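S.K.: Sequence:
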Amino acid sequence: MSDVTGTLVGLVEGVTDNPEISAFSKFESLGNWTSLAALRLLTQIESTFGVSLDLRAYFKVADVAELSTLVSAAVVAP
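At position 35 of the sequence shown (counting the first as 1) the number is 35 in UniProt numbering, and the numbers step up by one without a gap.
Careful: at least some of the hints might be erroneous.
[Stated by the list, open to error] Restraint ranges, calculated between C-beta atoms of paired labels, are given here:
id, residue 1, residue 2, range
1, 28, 76, 23 to 29 Å
2, 76, 19, 28 to 34 Å
3, 14, 75, 18 to 24 Å
4, 34, 76, 28 to 34 Å
5, 76, 18, 25 to 31 Å
6, 76, 35, 14 to 20 Å
7, 17, 76, 27 to 33 Å
8, 14, 59, 17 to 23 Å
9, 34, 10, 27 to 33 Å
10, 52, 20, 27 to 33 Å
11, 28, 48, 18 to 24 Å
12, 32, 76, 28 to 34 Å
13, 36, 76, 25 to 31 Å
[To be verified] Simulated crosslink set (EDC-like; lysine to aspartate or glutamate; CA at most 16 Å straight-line):
id, residue 1, residue 2
14, 26, 13
15, 60, 28
16, 26, 66
17, 26, 63
Read the hints as simulated data drawn from the structure, not as lab findings. Here the structure is a predicted model, which means the values were calculated and not measured. Even for Gly, the Cβ is constructed at its ideal location relative to N, Cα and C.
Make a model of the complete structure from these sequences and hints.
M.R.: Following this line, the structure appears as structure tokens:
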């Protein structure tokens with residue numbers, strides 16, 4: 001698991017209060033996943049990684065692995 005993915009797993013665990021998150025956990029299958037949780041996670045991601053994510057792209061990702069790809073691309077992009 002990459003550092004980005006590991007950090008994201010931790011952030012999702014914190015937002016959802018679910019310690020059993022993996023890279024392939026689907027957001028829509030998480031019991032505590034709401035639009036508010038999604039926005040809280042977005043804020044934490046942008047703060048933690050110092051990036052600004054495209055909102056449309058963010059809401060299209062289905063799981064932590066896809067989110068990791070999106071965040072990694074944003075970290076690399078100038």
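S.K.: Give a verdict on every hint.
M.R.: Now for the hints, and whether the structure bears them out:
| no. | hint | in the structure |
| --- | --- | --- |
| 1 | 28 with 76: 23 to 29 Å | 28 Å, holds |
| 2 | 76 with 19: 28 to 34 Å | 30 Å, holds |
| 3 | 14 with 75: 18 to 24 Å | 20 Å, holds |
| 4 | 34 with 76: 28 to 34 Å | 30 Å, holds |
| 5 | 76 with 18: 25 to 31 Å | 29 Å, holds |
| 6 | 76 with 35: 14 to 20 Å | 28 Å, violated |
| 7 | 17 with 76: 27 to 33 Å | 31 Å, holds |
| 8 | 14 with 59: 17 to 23 Å | 20 Å, holds |
| 9 | 34 with 10: 27 to 33 Å | 19 Å, violated |
| 10 | 52 with 20: 27 to 33 Å | 30 Å, holds |
| 11 | 28 with 48: 18 to 24 Å | 23 Å, holds |
| 12 | 32 with 76: 28 to 34 Å | 31 Å, holds |
| 13 | 36 with 76: 25 to 31 Å | 29 Å, holds |
| 14 | 26 with 13 | 13 Å, holds |
| 15 | 60 with 28 | 11 Å, holds |
| 16 | 26 with 66 | 10 Å, holds |
| 17 | 26 with 63 | 4 Å, holds |
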